[in-house]
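Trainee: Protein chains in written order, with this note's numbering: chain X, 1 to 284; chain D, 1 to 284; chain F, 1 to 284; chain L, 1 to 284.
The hints are simulated quantities; they were obtained by calculation from the structure and are not laboratory data. Predicted, not measured: the structure shown is a model, and the values here were computed from it. Any given hint might turn out to be false.
The list treats identical chains as interchangeable, and a pair is accepted whether it falls inside one copy or across any two copies.
To be verified - Straight-line distance between alpha carbons at most 20 Å, and here's what the computed SDA-like set of lysine to any residue pairs gives:
no., residue 1, residue 2
1, K95, G110
2, K95, C118
3, K95, F151
4, K95, E133
5, K147, L157
6, K147, V179
7, K95, E111
Number of protein chains: 4
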Amino acid sequence: MQTTLLKISCPDRVGLLAQITNFIAAQGGNLKQVHQFTDVHAGWFFARLEIETLTLRCGVEDLRATFGPLGAELGAEWSVRAAGARPRVVLMVSKLGHCLSDLLWRWRSGELECEIPCVISNHETLRPLVEREGIPFHHIPVSPENKAEAFLQMESLWTQAQADLVVLARYMQILPVEVCARWPARLMNIHHSFLPSFVGANPYQRAYQRGVKLIGATCHYATADLDQGPIIEQEVVRVEHFHSEHDLLRLGRDCERMALARGLRYHLTDRVLVRENRTIVFRD
Amino acid sequence: MQTTLLKISCPDRVGLLAQITNFIAAQGGNLKQVHQFTDVHAGWFFARLEIETLTLRCGVEDLRATFGPLGAELGAEWSVRAAGARPRVVLMVSKLGHCLSDLLWRWRSGELECEIPCVISNHETLRPLVEREGIPFHHIPVSPENKAEAFLQMESLWTQAQADLVVLARYMQILPVEVCARWPARLMNIHHSFLPSFVGANPYQRAYQRGVKLIGATCHYATADLDQGPIIEQEVVRVEHFHSEHDLLRLGRDCERMALARGLRYHLTDRVLVRENRTIVFRD
Amino acid sequence: MQTTLLKISCPDRVGLLAQITNFIAAQGGNLKQVHQFTDVHAGWFFARLEIETLTLRCGVEDLRATFGPLGAELGAEWSVRAAGARPRVVLMVSKLGHCLSDLLWRWRSGELECEIPCVISNHETLRPLVEREGIPFHHIPVSPENKAEAFLQMESLWTQAQADLVVLARYMQILPVEVCARWPARLMNIHHSFLPSFVGANPYQRAYQRGVKLIGATCHYATADLDQGPIIEQEVVRVEHFHSEHDLLRLGRDCERMALARGLRYHLTDRVLVRENRTIVFRD
Amino acid sequence: MQTTLLKISCPDRVGLLAQITNFIAAQGGNLKQVHQFTDVHAGWFFARLEIETLTLRCGVEDLRATFGPLGAELGAEWSVRAAGARPRVVLMVSKLGHCLSDLLWRWRSGELECEIPCVISNHETLRPLVEREGIPFHHIPVSPENKAEAFLQMESLWTQAQADLVVLARYMQILPVEVCARWPARLMNIHHSFLPSFVGANPYQRAYQRGVKLIGATCHYATADLDQGPIIEQEVVRVEHFHSEHDLLRLGRDCERMALARGLRYHLTDRVLVRENRTIVFRD
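Chain X extracted, bound-state conformation:
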């Protein structure tokens, strides 16, 4: 069944959902699933509506145009799109291929509805994995000397690729602050710890030393503050005394893959809304 997605957040007031659902009903739209949440303290309204596309009297373009004035009146951030429309996602990787290969597999199998215009890496290691899927691979080495320039080059590739989202799939470089600022809620990172534990480098080593009994991974939007951006999804796995640091790496890989795959899926299906440093995630 084809579905049209309306995602919206705006200052709260009485009658908001009525206005929105009236609008959809006026277009003939039948609702399949609605999530609405009000952050009462912040006075902010969040909603996601799944509409049966075939019941709508107009196409997505028209729907969007018609909704414009209401969205403006509400002071809303909003989007309307066909669930089948495939956002364009650029993947950034270094040498570790576990997240990349998991995403590629899910993408091939139809779990992740997006286009992958290209993969960018600071190493050549994963080129074969990417090219055998027919996806262009760009190698942009990063060194302390060329860092600023390298990231300009990357951003330029993102723009050329018309990227809706950039996913740092264990890309081991810290992005320049100004790059993060230019792509708010459009840079997704997977951090290999259960944040806010073990912010920064070598989280598995530090988890081992601390002797924690669960390790985890965190999918979040990257912001200028390292590992401090809004959290989308987290996953954990139990570890025991007999697990070496090497075992933690192995077990963590599955956490990272699951947290990133779910976080990305939520993003691609318009389930994630951001306000300040928290996410509203209408999970599936």
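Let chain X serve as the given structure and place chains D, F and L on it in line with the hints.
Mentor: Quick look at chains D, F and L alone, frame taken from chain X:
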């Protein structure tokens, strides 16, 4: 913050949620959280709306009266009530006290907003646990000879207690078919297995013999078909070869307590809707 | 660090572990990790010992030869091998590639220490996925008419491949009883339900219809009784009312991949011992 | 079945487990379950042996006396005791009763094999909950002025009670450093966060603000460094955007109860060994 809850299910059609939210907006009601789901195959609409009580121009009674015609027109099953209104829940127990003591603790601590007019058992074992909480305890022995009569007596107590719900908290008797039929979606049971595995007696023993690696518990509405009613919540825990049947009983107790406590909480907060043999649970 | 693994099960008696550890100490072997469990009711002893290879005065062959008489005296099933020795694992698949691609990725990345001499399928679908890894792919169609013959051909390939283990990675054919009997504890299957729920065909469809709140997957040794063999590992995931049958398939894939990958890893690291229809799994 | 427990840790060397199991076999002891682990980097050996008491030729006292010389020769920390011997556990609480009532229930039901000679609190709040179980309750108020004196009084009560372990079951005071130093690995705390996240005060508030998607609890031995002691057990639960801080408190309670109950059970069954700041936990 005080909340008023509207729960509704009815045949699906375009504009339903608009009609309902218009109605609430017309009463001044601000929405705090809305869940709406359409079972497209069944053509059935389900929704739960949390309204900030203080924004409503009228009281719950009036709201209910005013909603009546719309509810009738939609052919809906629906309820409107203050979240603070405390449904009346009769607990049925036998000799095992783990679910009972967990529910009593959650009730005392405010996690479960309900009244417990009485506890009924076929044994005297748990009387002290109940009476020290100031709750009346009724002992109704059940034997093959008196079974029909005993259950009539129990039903009579339920009715006297004005029970909105009866919870079989490890009550080890099978209820007569006609009793189940008279209390649809108002009899909640906790079964000590991960249904549909190990329907019937001695599930932990059978789980041990089968060598499963996870055991569980199932909270469901009791129906005339033993262990076949609509499932509300399930919980599992990992077990290993070194766990004896006795260990399974111990580990299972925590599953049973969690699944029952959550299932009951969902029911008490109007999060459970039933259609045929499936539940829609808008979880919290 | 190199490790030598001793796995043993035999009738219980006093002093067994002392005899075994004396034997290892006499060879200079330092123990890294020992698991021992006695099934007191069955009177059966199970143990797994990890020995630091470098501390041993003799090689694995000699160790095995020297242990022979003790093993015989104890009436034991036992094995001694270098942890690095790579068992030979034949994979059987049909059209669904999720388990296959997960196993291949884990194998490439070193998580699964084994050889994969070939993959066999009753369809051509997955040939490219296999051949791009440099692994031979055999297509053996199975029809009601040729079934006996086809399985003889497969068994012959298993034998030629010197298979230590055959993994049915969503191979959708039921194996002939006599084949199962000839490969006891050497045929590993992944069943797409939380056994013993939904034995047989279409488990996701039946899970949807029953309205369960958790679905799962079961890794077990195949025996002549369909889906009744000893369970090695199980995994579950929470599902909700809004998940369609199609969603259950998607969510179940991750369960299947995890349960199979872990079960296979346990097997490859000599962590699984079988007695009657239960497994002893010294998990890592 | 009666069981005798031998727990031991010492510098590693070849033949250790053989020596220990020879000793037990010489006393006629049959082993029911053995866990042994060597921390190869630290060169340290850890083991726990469950012996069938009825097979032993001598009593626990004699076994202990006989093992003494071997233990001394190995430079070991060790203990031998009957599994049925009930360690004496003093509980410390403030105003929150959820951990206390959970522990009391598990203790009454036989899940926790220990004596509870008394409960100590800095408030009167929980006195009824304790006294109705027939357990003495001591109220020792703590203020900035009397803190040193109050803790001397408490320690004196611990000593009078012949406490083997003191459990801080949401006791909201920070213990003086010198108290912690005098009771190494005998002070168990439950911290209401997934350590090392949210060390210190108000972890649920900070978890809410950070927008984490899982919250947790940590059972650990208290040391002079606040929330830095060796971790015994951790538990987590998923949270979502619609959970208020109040909801986090509620959901966290179940995490705290489970993590503390399991950690305490591991301790009481001699499953926890400590070396430096890490625990070896032979879980059940």
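Trainee: Each hint should be assessed against the structure and marked as holding or not.
Mentor: Comparing the hints with the structure gives:
no., hint, in the structure
1, K95 x G110, "between (25 Å within a copy, 15 Å between copies)"
2, K95 x C118, "within (16 Å within a copy, 28 Å between copies)"
3, K95 x F151, "within (18 Å within a copy, 42 Å between copies)"
4, K95 x E133, "both (17 Å within a copy, 19 Å between copies)"
5, K147 x L157, "within (15 Å within a copy, 54 Å between copies)"
6, K147 x V179, "within (12 Å within a copy, 52 Å between copies)"
7, K95 x E111, "between (24 Å within a copy, 17 Å between copies)"
Of the numbered hints listed earlier, not one is contradicted by the structure.
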